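There are 2 protein chains.
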Amino acid sequence: MRTIVFVTGNTGKLAEARAKLGPLGFDVTQDKGGYPELQCDSLEEVAKEGVRAVAGRLDCDFILEDAGLFVDALHGFPGVYSAYVNKTLGCEGLLKLMDGTPENGRAARFEAVIAYYEKGTLKLFKGVCHGRISDSMRGGGGFGFDPVFVPTGDDRSFAEMCKNEKNAASHRGRAFDQFVEYLKNGQSGH
Amino acid sequence: MRTIVFVTGNTGKLAEARAKLGPLGFDVTQDKGGYPELQCDSLEEVAKEGVRAVAGRLDCDFILEDAGLFVDALHGFPGVYSAYVNKTLGCEGLLKLMDGTPENGRAARFEAVIAYYEKGTLKLFKGVCHGRISDSMRGGGGFGFDPVFVPTGDDRSFAEMCKNEKNAASHRGRAFDQFVEYLKNGQSGH
Numbered sequence: 048m049r050t051i052v053f054v055t056g057n058t059g060k061l062a063e064a065r066a067k068l069g070p071l072g073f074d075v076t077q078d079k080g081g082y083p084e085l086q087c088d089s090l091e092e093v094a095k096e097g098v099r100a101v102a103g104r105l106d107c108d109f110i111l112e113d114a115g116l117f118v119d120a121l122h123g124f125p126g127v128y129s130a131y132v133n134k135t136l137g138c139e140g141l142l143k144l145m146d147g148t149p150e151n152g153r154a155a156r157f158e159a160v161i162a163y164y165e166k167g168t169l170k171l172f173k174g175v176c177h178g179r180i181s182d183s184m185r186g187g188g189g190f191g192f193d194p195v196f197v198p199t200g201d202d203r204s205f206a207e208m209c210k211n212e213k214n215a216a217s218h219r220g221r222a223f224d225q226f227v228e229y230l231k232n233g234q235s236g237h
Numbered sequence: 048m049r050t051i052v053f054v055t056g057n058t059g060k061l062a063e064a065r066a067k068l069g070p071l072g073f074d075v076t077q078d079k080g081g082y083p084e085l086q087c088d089s090l091e092e093v094a095k096e097g098v099r100a101v102a103g104r105l106d107c108d109f110i111l112e113d114a115g116l117f118v119d120a121l122h123g124f125p126g127v128y129s130a131y132v133n134k135t136l137g138c139e140g141l142l143k144l145m146d147g148t149p150e151n152g153r154a155a156r157f158e159a160v161i162a163y164y165e166k167g168t169l170k171l172f173k174g175v176c177h178g179r180i181s182d183s184m185r186g187g188g189g190f191g192f193d194p195v196f197v198p199t200g201d202d203r204s205f206a207e208m209c210k211n212e213k214n215a216a217s218h219r220g221r222a223f224d225q226f227v228e229y230l231k232n233g234q235s236g237h
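Those sequence lines, one after another, are chains A and B.
Note that the first sequence covers residues 48 to 237 in the numbering used here.
Note that the second sequence covers residues 48 to 237 in the numbering used here.
If you're looking for bench data, these hints aren't it; they were derived computationally from the structure.
Everything numeric in this text was worked out from a predicted model, so none of it was measured.
Watch out, some of these pointers could steer you wrong.
Identical chains blur together in the list; that is why a pair holds if it fits in one copy or across any two.
List of simulated lysine to aspartate or glutamate pairs, DMTMM-like, C-alpha gap at most 25 Å [to be verified]:
#, residue 1, residue 2
1, K134, D88
2, K60, E165
3, K210, D88
4, K231, E84
5, K67, D224
6, K134, E96
7, K134, E165
Between the sequences and the hints, there should be enough to build the whole structure, so can you do that?
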């Protein structure tokens, strides 16, 4: 059994990591110490700066994860600031911004980046889920912008799916899948 | 003549600093090296973290400044992320978010914080300008959200004022005035 620390305050994400990494023989423990998040254009930059900070206080292998919703018609907004925008404007605000935007202009994507810091080396694993912003909030599950995001190939929002369905299709699920591949095969992230 | 470095990429802000500090015998020079901006709730936190980073690379007294627009009806949005939100959503996006909000619900404030790092000690000077979000964009001057912000006691937006008028009434002008008072009298910031 190998231990890996997940720097996160979110117990849902912790459970997802355990479900993915447990079968590979990893014991995933939680660190709630957090890390400073930069204002910048990409999740990769946020993750790299976070790793730099956490590496200064943890003396073990660890992962951290950052995710965001990028809406094409809004020039990538809310992007790396998704948590803040969800807290202030909410799904209602996002729908208001998209008001009047036709079906073919509502493309958006969820992105997630997992940063793995192992023996002083950083690897990044990215998962993307393409889809569109719905016309209204739908579903009672999920969190954040899940009620207004419909992944490509489905008619339901993330909030209308059960947890396992969402985790299989989601940006975070895909990032974890890449991380699992790396751990299994020693293939490199970037 | 005493030299003070202003860490900013904005030549308009540099000119404003020179106009305010020159008469006190300060030679204000520009440093374009920038600093990392944190994701957090207040300008003070952004400024403090910026000072920490700049102090690591500059061996002299310096100032930096951060500003933002805080809209009451949007729970403080766009706040410390104003530059990013202006770039992605613009004034049009902000007006869309405020669509349907009556006159008495359109209160907002511009805030500016100047951080002064002098011989290893940090002082913060804050300026606030209260006002409201207009119904439409007005005026061709200023930058950022100036065309949609009308300061209390005036009917014109910041973008309808000449530079000197705006600088006298603005959040940044007020922060600089406090800084000037401190330099004149040795009164303390916070």
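Non-conforming hints, listed in increasing numerical order
Numbers 3, 4, 7 - these are the hints that the structure violates, sorted from lowest upward.
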